[in-house]
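Q: Two chains, each in its own frame: build the complex with the hints.
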Amino acid sequence: MMASNYNASKEEDGHQPGAMGHGGAGTVKNKKPDNTAFKQQRLPAWQPILTAGTVLPAFFVIGLIFIPIGIGLFVTSNNIKELEIDYTGVDMSSPCYNCSQSYSWNSTKPCTCSVPFSLDQPFESNVFMYYGLSNFYQNHRRYVKSRDDSQLNGDKTSLKSPSKECEPYRTSDNKPIAPCGAIANSLFNDTLELYYIDPNGSRTAIPLVKKGIAWWTDKHVKFRNPGGNNDNLTVVFQGTSKPVNWRKPVYELDPLDPDNNGFINEDFIVWMRTAALPTFRKLYRIIHKKPNNMTPTLPRGEYILEVTYNYPVRSFEGRKRIILSTISWMGGKNPFLGIAYITVGSVCFFLGIILLIIHHKYGNRNNSAEIHS
Amino acid sequence: MAEKWLWMLMPWRGCWSSRGKRDGQEEERHVRANDRDYNDKFPYADNHIKTSKYNVFTFLPINLFEQFQRVANTYFLVLLILQLIPEISSLSWVTTTVPLVLVLVITAVKDATDDYFRYKSDQQVNNRQSQVLRGNLQNEKWMNVCVGDIVKLENNQFVAADTLLLSSSEPYGLCYIETAELDGETNLKVRQALTVTSDLGADIAKLADFNGEVICEPPNNKLDRFTGTLYWRDNKYPLDNEKMLLRGCVLRNTDWCFGMVIFAGLQTKLMQNCGRTKFKRTSIDKLMNTLVLWIFGFLVCMGVILAIGNTIWEQKVGRSFSVYLLWDEPIRNNNVVFSGFLTFWSYIIILNTMVPISLYLSVEVIRLGHSYFINWDRKMYYIQRDTPAEARTTTLNEELGQVEFIFSDKTGTLTQNIMVFNKCSINGKSYGDVYDEFGHKVEITERTACVDFSFNPLSDRKFRFHDSSLVEAVKIEEPSVQEFFRLLALCHTVMPEEKNEGDLVYQAQSPDEGALVTAARNFGFVFRSRTPETVTLYEMGTAVNYQLLAILDFNNVRKRMSVIVRNPAGHIKLYCKGADTIIFDRLDPSNQDLMNTTSEHLYEFAGEGLRTLALAYKDLDENVLEEWMKRLLYASTVIENREEGLADLYEEIETGLMLLGATAVEDKLQEGVPETIACLTLANIKIWVLTGDKLETAMNIGYSCNMLRDDMSEVFIISGHTSSEVLQQLRSAKEHILGLSRVSSTADVEKTDEFSDDSVFEETIIAEYALIINGHSLAHALEPDLEQVLLETACLCKTVICCRVTPMQKAQVVELVKTNKMAVTLAIGDGANDVSMIKTAHIGVGISGQEGMQAVLASDYSFAQFRYLQRLLLVHGRWSYFRMCNFLFYFFYKNFAFTVVHFWFGFFCGFSAQTVYDQWFITLFNIVYTSLPVLAMGLFDQDVNEANSHRFPSLYRPGQLNLLFNKRQFFLCTLQGMGTSFLLFFIPYGAFCLAVSDDGSHISDQQAFAVTIATSLVIVVSIQIGLDTYYWTAVNHVFVWGSLAVYFAILFAMHSDGLFSIFPSHFPFIGTGRNCLTQKSVWLVIMLTTVACVMPGLAVRFLKTDLYPTLTDKVRCLQQASRKLRPQEQNLRRVRRTSSRRSAYAFSHQQGYGELITSGKNMKVTASTAGPSPPLSPSSPGRVHNSRSLIESTLKRKGETPVACVSAEAYGTSGTSEGNTRTQQTLMD
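The listed protein sequences derive, respectively, from chains A and B. The first sequence runs 1 to 373 under our numbering. The second sequence runs 374 to 1602 under our numbering.
Okay, chain B solo, but in the shape it has when bound (with noise of 0.2 Å):
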């Protein structure tokens, strides 16, 4: 409703509203370029983005709407307007007023500003500047960008709609963006325009003139897939994902290009995958309500109960005492039904107290202190990147003590996204470890000391090594050693870039390769330059060429990758690396006994949850070369089955290798990620990783996070491509777990039932399983008909992790876990390919940092490292979700001894709806006499302390299972109170039968009485509240103390001579409190009454703690005891990690990125600036090349890593065809 109020008051918008023509039936997409009126014949969204809410003008009937759905809110308005009518008044409508307009205003203010940083943010994001062709190129604002349009971007800005690449700086069209606010991938990813187009070039005017049509799909949420056709000068041209780029996007590496809108504003590929905004409400929240709805059906009861006494009173009493009260006008003609229906309304006005509107508010309040501290611990700080942590929305932070599971990004999130060259096996001997002098291995630290690489000008300061002997190695000429680093400086598809002499950055496909280039540098062997014929390596010092004869690419079938080369003296060399398993099968036979040392060795490097690599090389004839290249060269040319044709011929060259040693590369996790999961685990939270990332890597980081471990029984993994393949293979992991588990536990045998009681079966698991499960299996799995089984099968694993999935997969799990398993779901990332998920769990987390700031504005709690969700869950959402229990239950309890106390009364005064106490007194009882004291417990309470929080997780299982407050903890409260009352009620009663004060004077009346009862009443809580406090700071103190001073000052305040002689209708209870006060008797009734109301429930409490003492309990005396004694050093236990796992190889991509550096079609033809690099094709000659370019983007990221990653492909497609055609001419120059 909002959206169509504000879309009329935006005058661009006007153009197509009135045509008539809806959006979302929109089924083919047809866009001009530089046509703005045939583009405006289409109701296409603008640029403009609108996350806010409201408006100016819109502001305040949009927000009342809002805050009347509340349901507690419309009540008290219904609750007003029966006020106002005069028969049913039994309270003055101030009394509701004055609350009700204080919650309104302030939950108006909350709204309002929250809306203004959104709108901030909009605008911010709206008035970006872009270039626009417009006749000439303009600044635009973003907002003023439209479909059709044409745009200029230059390097390193973001892309700011939807756009097909037209023309760009680079050769062929080519331009480099990075995704990272997309798909969270911060490799480079290239895109290329079509040629037509690419000829363009920068000529403004031809751009002006560029009047092709595209005509593409409707705008969708799928971030890899586009499908197009561009009409232009009546060709047809098809246009695919390779040819967009999305908004979201950074350029990079590319000075400028030229693009045509396609999609804009919210219809952009970003905005239709950031999901809906939807309203978190937090499941207190929706118990409240319930518990709400079942007060009013309570009050109802009473009311009805009351009015039926009402009409029996009326007809048995009322009728002869109307000598001294005349009925009213409406009852007058003997209807004593309709009074008691008046009366029912009457009891209903005074009766609301049970449903206090201060509930809504304090509980607002205590969420935003809570949302503080959470911003205010410092120990959620990061103090590398200067990040506190921050609770982005405020009302959710008692569902973080809930959590039941966690699904977790993996990169970015999990790890750090850096990998560093950690240990090596050369030749049997393992490098990497640092012994002390009596030979005992050191744990590598901070503080360990480094080697120094100072021998080698051209290394980066940034790498770091701590065995020496290494070098040692180097420095001595080990032929193998030397022979090893050559081949990580030779092997690889990386593209290095230096600016300054000496100032080397490396473009790397993945950071693993990035890793082990740089760790070569830093051993001596520089990678310098390349171009596609020839790689250029300072050996040492000295300059050595290499020519580079062919590569064979990575692949995921062949999980190796080998460069052929000729090395200055004229020998040829094979070097490979990959996957140990796939090359210890092609080594040479006479390599045994090195094989098996290495093995060893990798089996250590991969129980380290190292990612590891074996290399090796051969020695090539140059007649066998130069044969194999013939057939190469033919095969390359073959049309059919190419792919395999050269599969096989790389597999015959590729045999008979001399194995030389294995690399082991850390994917750095972030700082005590093992020891979260541990104690996340321990606190009987389930996490799930959903990650982008393949299989392998995945389950690597599984392993070195703990998550997966050698000891589990059985991993699973799903990998089926259609969806019977799938469901066979969920079915039999099922049937493996709960077959296994049946034999072990006898006694759920009998089950008839097969997988009906698979929540019986869950507890009695014993044995561990993991399920990891692929992407395109996870399409299956989430249709309708599998998904239960996904989740049962998942739901008896200990760890379940999903790799490649998209963005909405990641959104589908995390609504398949919360809307089939009633539990509370926290999402983890750091990406924008995290936004869906975090949109759609019940918790969202950001991690602020590496990766923009998308993950982080939709989510609703941001911190700088994943650890942090240790301390956010067991401490903040521990203790919140206790203080607000607690909060609650003694709310409802506070509430219903004050208000029941009427419906006892109603027995005593004809069921005529007279209040028991002052009207002030209801007024100001739930917002000033108790509300101080409530919070302050709220908002500080601590039943444990953080450092046991951390050592017990445990503490946070009574969170899960909804113990603190549910239904029955509701109803025990509320019988509490009702008991309360009954004693609060007739105790005040036996003693002012006949009571007379020590003057004579009667105090038996109403003020007298009203008094009495509130005074105990308010002593009674307060005390009560005293009971409900674990942890007494001073503001406890002040608030309980103060409230009751407050209370006594307003009461005889309110009962002095001056406020009555101003106002006598409004403080009729004048010298009220001073005579009934003064009385000993009264005291003494007070005193009775609250001893009475307070001992029960104390000997049921401590009943409880001494029979059947909780963990919380225990905690508790333990930690009282141990103060006593001194603070303890209590740490966790570091988790070791156990797992043997191997064969984990350091690709991170499906296709390799030889075709591109062998095509030169990223190099560009430029003068050298360093290193001789001579021309040695003579087919090429212009081809002097030196990848001056993406240098910029890896010094403006952050400076973490020197390498940065450059992938051909992206989202999984492999590399255009047009440069495989490139390759075969390479080749057969």
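For reference, chain A alone in the conformation it holds in the complex (with noise of 0.2 Å):
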């Protein structure tokens, strides 16, 4: 052992000189490209091929899935309580039919309306109010980009120096308008109050729940009032003018709570959210489930809508809409998702079973038997 290894060890000095020298010559560059799967392009691969034994279970497969998902979505959606009342006076006979003529941007006099409607069943559970508006073309280009979100996000420079974007709501009577911007002026204003008629005649207001409607990421992160929060808002906007639409300047929005007021005011953060659609739904208030499980939260029964009407839409031929709610796991009520998973589902299922009739009838189950090269 010990003599083969001295061997060894003796033949690779012998060696040593020759091998020093070959590879001298292996550094003379040799063009030879490397061996490498990458280079030679033999890189392993996964070669899937579409074969019905592949394509046709996924159709099944997925048809199988997605339909009980449909029935799923569809019934959980039809459980859902939903009420829209349509309160823009469009028709003589509708309660706030006058208003909704008599409007006039000037007018001091708020112009309230009554609108009655009856719940035939009780909503359990929390149940939330949104404000519908119809042919509002909130996702319009000019209107979109017509907001300054330093400005909401409390710069001090862009409060005083609004951005163009805002134009031309951007300066009245020579001071910037705080907040600026064709959204920002045209905030839904309407004031909305919900009464439950008790059986005996009395109204019961129905306390509305207005902070809690806004995402957390607009309240606490993209919008916030200039000077931070506790300072005197009054004072953070000297200088800059109100909205021309608005009745009231931006720091009067909630007086009775500082955390409400000014560019965090709830109402005015999910109005300036800009809907996709022209047809679109806002959250507005939320009515608590009541403390103890006992009672609905809305009971069945008569109510009364209180409308404070100060939003015009007629003449575009808007339409409001006040929609109260439950929801569930999936969001509202939204039937058009469970339909169409079971469509889908359906459809998918079909033209699998079709696809599998073809492929048995004319398939070419065996492609590798003849090819003619």
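Rather than coming from a laboratory, the hints here were simulated on the basis of the structure. Be aware that one or more of the hints could be misleading.
DSSO-like cross-link-like pairs, simulated, lysine-lysine; straight-line CA separation at most 27 Å [claimed, not checked]:
(1) A:K39 to B:K752
(2) A:K361 to B:K493
(3) B:K1453 to A:K289
(4) A:K290 to A:K81
(5) A:K160 to A:K242
(6) B:K1453 to A:K210
(7) B:K1477 to A:K31
(8) A:K32 to B:K609
(9) A:K32 to B:K1453
(10) A:K248 to A:K109
(11) B:K1003 to B:K991
A: Next comes the structure, spelled out in structure tokens:
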């Protein structure tokens, strides 16, 4: 063993000059390309082929998954209670007809109207109150860009000189508008109140919670009052002008709650999140479930919706609605999704069957057998 | 334009440009030697060449100008300008600028590096040294050599410019040049100076005083013609091409020579022949440009629709909605049409992503990648010369998958240009085959044992022969065998050169001859030295002196050559070798039996594609000869009809010959040529051979590489000398073909219009035809009125061979096919004579190695062996094409799916050009979210592996038919894209009308909508690319999954609080990702959209492969099946040569070389160094010749072959008249 080791090492020594010479020759650059899988395009690869064995099951599986999901969604959506009241006042019979007709921008006296309605079924759990607008183009390009996010984020320079994007709602009376822009200017400002009419005839105001309706990120990050939230907003907004359409300046949106006033007023924030489509609904108030679980949030019975009618939409054939809705795990009432799932699922399933039939009748099950090259 | 700029920057141009004389109108050139001032009066180009396009200052403007010539780049520039107008800016300018700048910078960097390398190579050439006579000899750079300068050239130097040879170191002002760079011929050519100038010798003073004026033709590209006159000392001397040394030639076997520069730089014949460098575009490029225009048209249509929509909307709704949204200033005056107009431009901006700028960038990147794969391919690496394949152009790869015509050079491309003595038949016995112990023929390979020639100290060690029985026959001194080799050693015009004792090098007129003499040498009959009157052989070791009485030279009509020698014993013999048919006619009748056997052997040899020669001898009677010699002497002094007289005399004595046998020389094809050609033919690629060689040689090669076969119905040879003759021959060939096929396909007989429907016939012709056309006929056939007939006829033939063609004709043929057949052409060649063809063809391929670098430098692809072409086309080309098509298909799909959503959204946002997506998403979608997966697909995808690509050449067919990506495919992909965009928009639309989130807050806001659609889009296109990818490597996985991950990462980053707090106005989407993507309903929408978008396409694709599988689909199935078993041994069946053609003979050149030998012109008056060569002729006492020269060149010529070739004539013109007179003198002596 020892001897062989010794020999080996000696042999190595003996070969060293030769090896070096060889190495020297090797360093003469050889242009032979490297033999790597990458360079020789031999990277190991998965080469899937669309065969009946893979495609057809996919169709069936998708069908079998989608149909139950669709049914689930549909049922869930149907279980959601939703009530929609159009209070635009287009018809003569409508309680708000007068208000909608006699609207003028300059009137100081608010027009109010009461819309009675009744609930056939009690609304359990939390009830969400939305206002809905139709034919209102919050997604118009000029509308969408007409805002200044820096200003809304509490930037003081932007407060004093808003972005050009806000034109023509940038300044009024040579004072910068805060908040500037068409979106802010068109803030939805109807006031809606809900009363329950007891069977005995007395009206009970239903407590409407106005906080917690905006996204947390909007409320806490995107929107900020200039100079922090605790300052006196009146001072902060000194030198700015209120948007033209507004009746009161931004720092009086909710004078009682400094946490909901100015730019961080939640109604304002919700409005500022522009809708994708010309018909939309926005969350207005939340009616929380009563602490005792016994009575429903909105029991069956008669109700009155008191509307302070400030927001004209008739000129452009818009509609205003109020929606009361409960929600489920998937959100509000949305029959489309369920139906769409059922449709797509069944189409896939039937397509699978048709493909299977075609494949069996005409298909080329053994492709490789007949290659003429 | 660039040129002018640059010229103004060069000081030495100033002298003539100020005179305002334009070049191009030069009618006659006046050059006076050593008179700079005189020559400067003319606008002659100097010797500076420039192929690079830019310099440091001009780079930016020129490059930008060029880049903006691309439709797409200009388009994006216009868009960018539009975006700067606030009224219509629907997207921030960043979205276009970032990709545009990226594209411009990357392209500019690439152009700059390319140009830098061109500049470097120009520099290298321009800075070559040459010696110029300026009072005394000075070293000058090439670029400083001027017209009229006298330059000194030394052995093995490149000629710097087109120069007139003045004097040389060799006697009679001879010098030898190699013209490989010019015409691809490796044999040496002789140039001879005028006697008056050659007397100047190397006398510097005399040369400096030389003030001759040359008046000659203006610069042109004719390599074989020069006409001019030298005026010197009140005398006129005519000048022709024989006195010119052209740029690119190499001086050989001549110690030095002096020349006067006539043409320099770009006006040299070499540069004039280079043709203009054209920017090559692939058909996909052109298609892409068309499609971009279509898309643009489509875009305008959509813009118009939306603009009209906007006008109506503003009129109906917008006017009343102005309560909440005042009209902008410009449209406030109730001008809704103007609003529509603005909207139109806004939509053009938004929808611009249909023509994504990253398309061009990605295409470039993919092509670059494919080029690298070609460079890296070990299977195209030639180990002997350490040459890997090289893609010199990176923009043509996919066109390699669409080639329909290949134009190939012969010498050096199909053949190795090496002749090997392979077989012979001596006295009815065939030698050369090897048999095993059972008597079976053994295939000769590299490993077959070679015959040991060690008994012969003078043998050439590179010579290989496998049949030992021939050596045995020599050793036992079989007389016929001895006579056979004696003939080979005597009957030739080879010049020997012996530097050291026993170190013999032959300079042969043709490689064939060299091979034969070398064979004789190895078998013990060593041709050692010659004088004009003697030939010294070493026969089996002993020196034998033969007196050379006459050389009956070879020419094209005689097709044979003979020598008459007197051996030491005093017997006079005539040895003759020549084409078998010619020799057989002149045999003595007693040879009948032997002739039959030999004939059989010849058939056999020819069948193997060997070039054969028959050998015969004749014993001559002293008296007969004497009488004949007298008549010869007389005939050769006659002025009129001398040629005919001589030929008759030769004819007279070459009768009654005794047959010795036959030789078979192999014009060694490059490895794998027949197989490659067969395979490419199977792939439906037509191969045309364009060669400068003569007809017979070309045909021979045609047979040996299986392009011509005996079972072909007809081989048409067009060799007319007038255009009417050519037309007639072409017509009759065509009628013959069509006539036959008419008969066979009766269905088409009714066709009244005779030739208009040839394309129909092309497919129906069953029989195979070949067309061979000669150079002079081709010149006529390429005339405008004949070229259509030529093309039609040629396309009916399976094989087309054009011989004796000039470089320009090669280009013309290529051009003809290129313009008329709408097919992709590929030209492959190795020599400078192929450059024009390489540049003309869609794709030029250079064979690197043997003959200089000109072809390679002009080529788009280069590699060392013809057989790599198969891999280049069938594997790389096919893959490139497939990948590019797949890439384009997907790319257009993706962008339509992405962009058209805006169109649908237009109907719901008052046609206001509001974007659906976040601006950042629009910016990043093409360059970040979806670029890498599609790049990975474009780079790595393989539908069929390389083995199967070779195995099923028909897989190449779709590329030629342009099936994978054409206008129809484009419509399909846009349709699919639009379908996807429809679903992408309307499914979320349906779902979002009423959607609220699970905490009751509204979710149907624009940002959530944007995120939902964007996410669906990214997922859908990712799945789609998953379905489109056939070959999922790890890279694909990383890129696909990575892109999705990056999408979400960037989405959350962009929607994060941090970024918003830094740039509140740039990242308004804060929190949307978080709020939106945590909603179950959003994910349900995404899932639904994805499935709805993907499933229909999947079903269609499945049905297609299931019901109408293409060959690709079948092969893929096979491939998968076989992979499951085990990797199969797949090799193409070797192509058998079945030809039994005969009468191929092994002379390469028209006129023999005999004159030069007998005149002794090329032999130096030096002391003999080896071999006894006593002076025999009293009239030439000083001529103790030993051709010491000519060795260096051969030794330097890469050592491939022991024989080099010297030719007395060049470019087909015959030897000089002075030579003739000298012959006569010798004979008279």
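Q: Confirm or reject each hint.
A: Here is what the structure says about each hint:
Taken as a hint, the A:K39 and B:K752 pair is honoured in the structure, with Cα atoms around 11 Å apart against an allowance of 27 Å. With a C-alpha separation of about 67 Å, the suggested pairing of A:K361 with B:K493 is violated against the 27 Å cut-off. The hinted pair formed by B:K1453 and A:K289 meets the criterion: a straight-line CA distance of about 23 Å does not exceed 27 Å. For the given pair, A:K290 sits about 17 Å from A:K81 by alpha-carbon distance, which is consistent with the 27 Å threshold.
A distance of roughly 13 Å separates the Cα atoms of A:K160 and A:K242; the hinted pair therefore holds under the 27 Å criterion. For a cut-off of 27 Å, the pair hint linking B:K1453 to A:K210 stands: about 25 Å separates their Cα positions. Between the alpha carbons of B:K1477 and A:K31 the distance comes to roughly 45 Å, so the proposed pair goes past 27 Å and is violated. For the proposed pair A:K32 and B:K609, the alpha carbon gap of about 58 Å is over 27 Å, so the pair is violated.
Among the hinted pairs, A:K32 with B:K1453 is inconsistent with the structure: their alpha-carbon atoms are about 57 Å apart, more than 27 Å. Distance check on the hinted pair: A:K248 and A:K109 sit about 13 Å apart at the alpha-carbon level, within 27 Å; holds. As the CA atoms of B:K1003 and B:K991 are separated by approximately 19 Å, the hinted pair is consistent with the 27 Å bound.
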